[in-house]
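Heads up: take any position in the sequence shown, counting from 1, add 1, and you land on my numbering.
Treat the hints loosely; a few may be bogus.
Below, computed lysine to aspartate or glutamate pairings styled on DMTMM-like, alpha-carbon distance capped at 20 angstroms [as the list claims (entries may be wrong)]:
{"hint": "1", "residue 1": "91", "residue 2": "26"}
{"hint": "2", "residue 1": "107", "residue 2": "96"}
{"hint": "3", "residue 1": "108", "residue 2": "11"}
{"hint": "4", "residue 1": "108", "residue 2": "96"}
Calculated from the structure, these hints are not laboratory results.
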Amino acid sequence: MNESISGLLDKLVDEDEGKKQSAGDIIARFEDRGFGPLLLIPSLIALLPTGAIPGVPSLCGITLFLICIQVALGRSAPWLPNKITKQEIKQDKLENAVDRAKPYVKKTERLLKPRLTVLSKTPWKNIVAGYCAIASLCMIPLEVVPFAVALPAFALTLTAIGMTNRDGVFIGLGMIIQLGTVYLALKVSGLL
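With these hints in hand, go ahead and build the complete structure from the sequences.
Below, the structure written as C-alpha coordinates:
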(Lines of atoms letter the chains of each structure in order from A and count residues from 1; the text may use other names and numbers.)
(Lines give C-alpha, C1' and ligand atoms only; values in the text may rest on other atoms or scores of the structure.)
Protein backbone atom coordinates (compact mmCIF):
# COMPACT_ATOMS: atom_id res chain seq x y z
CA MET A 1 0.00 0.00 0.00
CA ASN A 2 2.98 2.33 -0.47
CA GLU A 3 2.29 3.42 -4.04
CA SER A 4 0.77 6.86 -4.47
CA ILE A 5 -2.62 7.38 -6.06
CA SER A 6 -1.00 9.34 -8.90
CA GLY A 7 1.27 6.31 -9.43
CA LEU A 8 -1.82 4.12 -9.63
CA LEU A 9 -3.34 6.47 -12.20
CA ASP A 10 -0.12 6.32 -14.25
CA LYS A 11 -0.39 2.53 -14.19
CA LEU A 12 -3.97 2.82 -15.39
CA VAL A 13 -3.03 4.66 -18.59
CA ASP A 14 0.27 2.86 -19.19
CA GLU A 15 -0.98 1.21 -22.37
CA ASP A 16 -0.74 1.66 -26.14
CA GLU A 17 -2.59 4.73 -27.40
CA GLY A 18 -5.77 4.03 -29.35
CA LYS A 19 -6.33 0.73 -27.58
CA LYS A 20 -9.45 0.04 -25.53
CA GLN A 21 -9.23 -1.23 -21.97
CA SER A 22 -11.84 -3.42 -20.39
CA ALA A 23 -12.98 -3.06 -16.80
CA GLY A 24 -11.51 -6.52 -16.24
CA ASP A 25 -8.07 -5.36 -17.44
CA ILE A 26 -8.18 -2.40 -15.07
CA ILE A 27 -9.26 -4.55 -12.12
CA ALA A 28 -6.55 -7.14 -12.81
CA ARG A 29 -3.94 -4.39 -12.76
CA PHE A 30 -4.86 -3.43 -9.17
CA GLU A 31 -5.99 -6.76 -7.69
CA ASP A 32 -2.94 -7.09 -5.43
CA ARG A 33 -3.58 -3.69 -3.81
CA GLY A 34 -6.84 -4.50 -2.07
CA PHE A 35 -10.22 -2.94 -2.61
CA GLY A 36 -9.30 0.75 -2.16
CA PRO A 37 -8.03 1.31 -5.72
CA LEU A 38 -10.89 -0.80 -7.08
CA LEU A 39 -13.30 1.65 -5.47
CA LEU A 40 -11.25 4.64 -6.57
CA ILE A 41 -11.15 3.93 -10.31
CA PRO A 42 -14.94 3.70 -10.97
CA SER A 43 -15.52 6.60 -8.56
CA LEU A 44 -13.12 8.81 -10.51
CA ILE A 45 -14.56 7.69 -13.84
CA ALA A 46 -18.02 8.78 -12.63
CA LEU A 47 -16.69 12.03 -11.12
CA LEU A 48 -14.73 13.18 -14.17
CA PRO A 49 -16.22 14.23 -17.54
CA THR A 50 -16.47 10.56 -18.51
CA GLY A 51 -19.34 10.43 -15.98
CA ALA A 52 -21.44 12.58 -18.34
CA ILE A 53 -21.52 9.80 -20.94
CA PRO A 54 -24.99 8.18 -20.75
CA GLY A 55 -24.87 4.86 -18.94
CA VAL A 56 -21.41 5.37 -17.44
CA PRO A 57 -22.66 6.51 -14.00
CA SER A 58 -25.00 3.51 -13.76
CA LEU A 59 -22.22 1.14 -14.82
CA CYS A 60 -19.88 2.72 -12.27
CA GLY A 61 -22.58 2.59 -9.57
CA ILE A 62 -23.31 -1.09 -10.18
CA THR A 63 -19.59 -1.91 -10.28
CA LEU A 64 -19.01 -0.01 -7.03
CA PHE A 65 -22.00 -1.70 -5.42
CA LEU A 66 -20.70 -5.16 -6.30
CA ILE A 67 -17.22 -4.34 -4.98
CA CYS A 68 -18.55 -2.71 -1.79
CA ILE A 69 -20.88 -5.60 -0.99
CA GLN A 70 -17.97 -8.02 -1.29
CA VAL A 71 -15.88 -5.94 1.14
CA ALA A 72 -18.85 -5.66 3.51
CA LEU A 73 -19.21 -9.45 3.46
CA GLY A 74 -15.50 -9.93 4.13
CA ARG A 75 -14.30 -11.28 0.76
CA SER A 76 -10.56 -11.07 0.24
CA ALA A 77 -10.57 -10.84 -3.59
CA PRO A 78 -13.06 -9.08 -5.89
CA TRP A 79 -15.43 -10.76 -8.32
CA LEU A 80 -17.49 -8.99 -11.01
CA PRO A 81 -19.79 -10.44 -13.69
CA ASN A 82 -18.41 -10.82 -17.23
CA LYS A 83 -20.89 -8.24 -18.55
CA ILE A 84 -19.11 -5.60 -16.44
CA THR A 85 -15.53 -6.87 -16.85
CA LYS A 86 -15.91 -6.88 -20.65
CA GLN A 87 -17.11 -3.25 -20.83
CA GLU A 88 -14.48 -1.19 -22.62
CA ILE A 89 -13.35 2.41 -22.54
CA LYS A 90 -11.09 3.95 -25.20
CA GLN A 91 -7.55 4.58 -24.03
CA ASP A 92 -7.58 8.22 -25.16
CA LYS A 93 -10.72 8.95 -23.12
CA LEU A 94 -9.19 7.25 -20.10
CA GLU A 95 -5.94 9.20 -20.53
CA ASN A 96 -7.89 12.47 -20.83
CA ALA A 97 -9.79 11.72 -17.62
CA VAL A 98 -6.60 10.77 -15.77
CA ASP A 99 -4.79 13.89 -17.04
CA ARG A 100 -7.63 16.05 -15.70
CA ALA A 101 -7.62 14.26 -12.33
CA LYS A 102 -3.87 14.18 -11.68
CA PRO A 103 -3.36 17.82 -10.58
CA TYR A 104 -6.11 17.43 -7.97
CA VAL A 105 -4.83 14.02 -6.92
CA LYS A 106 -1.31 15.37 -6.41
CA LYS A 107 -2.65 18.18 -4.20
CA THR A 108 -4.75 15.69 -2.24
CA GLU A 109 -1.80 13.34 -1.73
CA ARG A 110 -0.04 16.03 0.30
CA LEU A 111 -2.92 15.89 2.81
CA LEU A 112 -2.94 12.11 3.19
CA LYS A 113 -1.40 10.19 6.05
CA PRO A 114 -2.37 7.18 8.14
CA ARG A 115 -4.75 8.42 10.86
CA LEU A 116 -7.89 7.05 12.45
CA THR A 117 -6.76 3.80 10.83
CA VAL A 118 -9.42 1.89 12.74
CA LEU A 119 -11.87 2.87 9.97
CA SER A 120 -9.74 1.02 7.40
CA LYS A 121 -9.58 -2.22 9.40
CA THR A 122 -12.09 -5.00 10.02
CA PRO A 123 -14.87 -4.72 11.27
CA TRP A 124 -15.12 -0.97 10.53
CA LYS A 125 -13.87 -1.46 6.98
CA ASN A 126 -16.83 -3.80 6.39
CA ILE A 127 -19.29 -1.28 7.85
CA VAL A 128 -17.83 1.54 5.73
CA ALA A 129 -18.12 -0.70 2.66
CA GLY A 130 -21.79 -1.40 3.39
CA TYR A 131 -22.38 2.33 3.68
CA CYS A 132 -20.57 2.86 0.35
CA ALA A 133 -22.71 0.17 -1.29
CA ILE A 134 -25.82 2.20 -0.51
CA ALA A 135 -24.24 5.41 -1.84
CA SER A 136 -23.11 3.65 -5.03
CA LEU A 137 -26.68 2.59 -5.79
CA CYS A 138 -27.66 6.25 -5.52
CA MET A 139 -25.73 6.92 -8.74
CA ILE A 140 -28.40 5.13 -10.76
CA PRO A 141 -31.38 7.45 -10.10
CA LEU A 142 -29.11 10.51 -9.99
CA GLU A 143 -27.88 9.85 -13.54
CA VAL A 144 -31.03 11.54 -14.88
CA VAL A 145 -30.20 14.83 -13.12
CA PRO A 146 -27.35 16.72 -14.83
CA PHE A 147 -24.16 16.65 -12.74
CA ALA A 148 -25.94 15.11 -9.72
CA VAL A 149 -23.79 11.97 -9.99
CA ALA A 150 -20.82 14.14 -8.99
CA LEU A 151 -22.01 14.11 -5.35
CA PRO A 152 -21.92 10.33 -4.77
CA ALA A 153 -18.86 10.01 -7.02
CA PHE A 154 -17.02 12.63 -4.95
CA ALA A 155 -18.07 11.00 -1.66
CA LEU A 156 -17.01 7.56 -2.87
CA THR A 157 -13.74 8.97 -4.24
CA LEU A 158 -12.90 10.47 -0.84
CA THR A 159 -13.75 7.19 0.88
CA ALA A 160 -11.70 5.17 -1.63
CA ILE A 161 -8.73 7.52 -1.20
CA GLY A 162 -9.06 7.09 2.55
CA MET A 163 -9.21 3.30 2.26
CA THR A 164 -6.27 3.18 -0.14
CA ASN A 165 -4.13 5.31 2.18
CA ARG A 166 -5.59 4.17 5.54
CA ASP A 167 -6.68 7.75 6.22
CA GLY A 168 -9.77 7.67 8.44
CA VAL A 169 -10.31 11.42 8.08
CA PHE A 170 -10.92 11.02 4.34
CA ILE A 171 -13.08 7.95 4.99
CA GLY A 172 -15.15 9.94 7.50
CA LEU A 173 -15.54 12.93 5.16
CA GLY A 174 -16.67 10.63 2.38
CA MET A 175 -19.23 9.00 4.64
CA ILE A 176 -20.63 12.37 5.74
CA ILE A 177 -21.08 13.45 2.11
CA GLN A 178 -22.71 10.08 1.39
CA LEU A 179 -25.55 11.08 3.75
CA GLY A 180 -26.35 13.98 1.41
CA THR A 181 -26.12 11.60 -1.53
CA VAL A 182 -28.70 9.22 -0.07
CA TYR A 183 -31.03 12.13 0.73
CA LEU A 184 -30.70 13.54 -2.80
CA ALA A 185 -31.29 10.14 -4.43
CA LEU A 186 -34.39 9.53 -2.31
CA LYS A 187 -35.68 13.00 -3.20
CA VAL A 188 -35.05 12.50 -6.95
CA SER A 189 -36.68 9.05 -6.81
CA GLY A 190 -39.79 10.55 -5.19
CA LEU A 191 -39.40 8.47 -2.04
CA LEU A 192 -39.14 11.58 0.17
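task = Report the numbers of all earlier hints that the structure fails to satisfy, in ascending order.
result = none
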